[in-house]
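Line by line, the protein sequences are chains A and B.
Quick note: the first sequence, position 115, residue 115 per the UniProt record's numbering, numbers continuous.
Quick note: the second sequence, position 88, residue 88 per the UniProt record's numbering, numbers continuous.
Worth flagging that the hints you see were computed from the coordinates, not collected in a lab.
Honestly, I wouldn't trust all of these hints.
[Stated by the list, open to error] Here are the in silico distance ranges between beta carbons for each label pair: (1) Gly29/B <-> Val109/A: 53 to 61 Å; (2) Ser271/A <-> Ser246/B: 41 to 49 Å; (3) Tyr45/A <-> Lys148/B: 51 to 59 Å.
[Said to hold, decoys possible] Output of the computed footprint for chain B on chain A, the stretches with three or more beta carbons under 8 Å from beta carbons of chain B: (4) 110-119; (5) 241-249; (6) 279-288.
C-beta atoms are modelled at their ideal positions from N, C-alpha and C, and glycine is treated no differently.
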Amino acid sequence: MSVHTPHPDLPPPANIVGVIGWSRSNLFSTPLNTALSLFALYLIYLIVPPMINWIFLDATWVGDTREACASGTGACWVFVKVRINQFMYGFFPEAEYWRINLAFGLLVVLAIPLFIKRFKHKGRLAAFILIFYPIITFQLFSGGNFGLTHVETSKWGGLSLTLILAGVGIVASLPLGIVLALGRRSKMPIVKSVCVVFIEFWRGVPLITVLFMSSVMLPLFLPEGTNFDKLLRAMIGIALFQSAYMAEVIRGGLAAIPKGQYEAAEALGLSFWKSMGLIILPQALKLVIPGIVNTFIALFKDTTLVLIIGLFDLLAIIQQAFADPDWLGYSIEGYVFAASIFWIFCFSMSRYSMSLEKKLNTGHAR
Amino acid sequence: MSNTDNASSPSHASDDVTIQLRGVHKWYGQFHVLKDINLEVKRGERIVICGPSGSGKSTMIRCINRLEEHQQGQIIVDGTELTDDVKHIDQVRKEVGMVFQHFNLFPHLTVLENCCLAPIWVRKMPRKEAEGVAMRYLEKVKIPEQAKKYPGQLSGGQQQRVAIARSLCMNPNIMLFDEPTSALDPEMIKEVLDTMIELAESGMTMLCVTHEMGFAKTVANRVIFMDGGEIIEENEPHEFFNNPQSDRTQLFLSQILQH
Ligand SMILES: Nc1ncnc2c1ncn2[C@@H]1O[C@H](COP(=O)(O)OP(=O)(O)OP(=O)(O)O)[C@@H](O)[C@H]1O
Ligand SMILES: [Mg+2]
């Protein structure tokens, strides 16, 4: 009879760990895989170095006129540099830029405590931000009292307009979407059909049509002389349009909550709204964070469509700069700049949603 | 767990009958699930309901807190008749706790929050006080040390005990149990049954759907046998097990006692 001696833990052989081990099992495991890997590497070699050269190494960064770029073979960032104020603030009077800066600065300052773990009054602060911040921001942008000069909404533009449209769309479409999703699952036939019709109507038409109708058709139906701000109409259009999508995303989450959760809440005597607000929605929304953020990202990018009703969001204002006779021929730089700004915002949203999912995971699957 | 402060429960004119079902019928579409159910439960009584699968046991006890609606007959709980009136339903649900087969704890809340939720939002208890009450009941079910954990981190038996504590935090007069041990591994059944026995000893009115015949023998005042949506037989446990009257009861008992 042999006595068992415990075997010591040995390090794995070198060829299954590290860079070599990884590429062996992932890139070169079969002949086909090897061929595909080599082909992909070749493509990367073809595309990436010239791109880096164009964007960074050969690009012109300094100067204020077109002439500065004459010699360079890469991108002419001078174009973006001289126009940056317009890209950010639209046609807002230059002397009033501080108002926009203050508005966004305020948001950052107000939002910081929300990310501090130990801060206790997160709920109250969030409510304050949701209710009062829009009012303050509107005051700052629009002016007209408190000694601020009035700036018409037609002067708003650039990135700040994009952010406002997206912000309003996001803040309005989430609660609207929740209400619509609950309505669609309601047992009351009238409530249910109103929600179904609403959702299916808004999902069935393209956003462009919605924007067109809001700016061209709506005034025909309104009484003569009612002046209904174009920007406001676009905001309402975007909010209603996106809330229909949001409603369907949230409905998916609601459907995934087991019946037992509703029953337990009912059995404890919680009213419909309390059981929704305390039990069902927190779980349902958590389940569909990826879908919600997906909708937010789509919304953010869809704001560029306001261009067709004559609002100058970031993309529109960049495109209108291409027409400047002094700067003809720099549209690629403009588009690359616009794309990277949109990408930064959308990517941040996506990362934030991932971290939120992680944070809210309480280690269970039911 | 004894009747401490029942200030909010309605005073009863006379008797100590707390649940009354009179000629209750229920249909699911065309399907007649409950047929002429008549039942009276006295305060402090402990009733075990058994019967084959699909016989309507769950449906019957779920009618008592209106998780299911009955279509004919009368259900009166603690002096309040269950009708479409939401006030009546809320009143009854405040007095009736329920424990489910699959626990149905709220997975996004900690054990303590699960227990505090209804006292705070339904009874309007201040949070501090609700936490005190919750901890007291968590101690009763012997898991105060799990208060800060999430339900997903507990074993099945622990989860079911939390579910019992959660119901008790509302200080109910009546507790309904729907197969509380059927989803548990054998080694966890005992801890839940022990908790229920302790609850029974404290004088709680209990209706338990269960196939734990040992539990029925030790704590029940009455055992009710249902089949095909009807109450077939109703007797005190000793008689029920040793001297079943109907063939169907005998058949059922012979089947479950074999295992
Ligand atoms: N929501 C429903 N819709 C239609 N039929 C249902 C519904 N719920 C239950 N039933 C049917 O009603 C009958 C009684 O169900 P119930 O759940 O009360 O049985 P049970 O005695 O609790 O059985 P089990 O021991 O399996 O839990 C079953 O035949 C079941 O299929
Ligand atoms: Mg059942």
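Hint check results:
1. Gly29/B <-> Val109/A: 53 to 61 Å: 59 Å, holds
2. Ser271/A <-> Ser246/B: 41 to 49 Å: For Ser271/A and Ser246/B the Cβ distance comes to about 43 Å; the hint holds.
3. Tyr45/A <-> Lys148/B: 51 to 59 Å: 55 Å, holds
4. 110-119: violated (count 0)
5. 241-249: With 0 residues in contact (Cβ-Cβ under 8 Å with chain B), the coverage given for the region 241-249 of chain A is violated.
6. 279-288: holds (count 4)
Of the numbered hints given earlier, the model fails hints 4, 5; all others are met.
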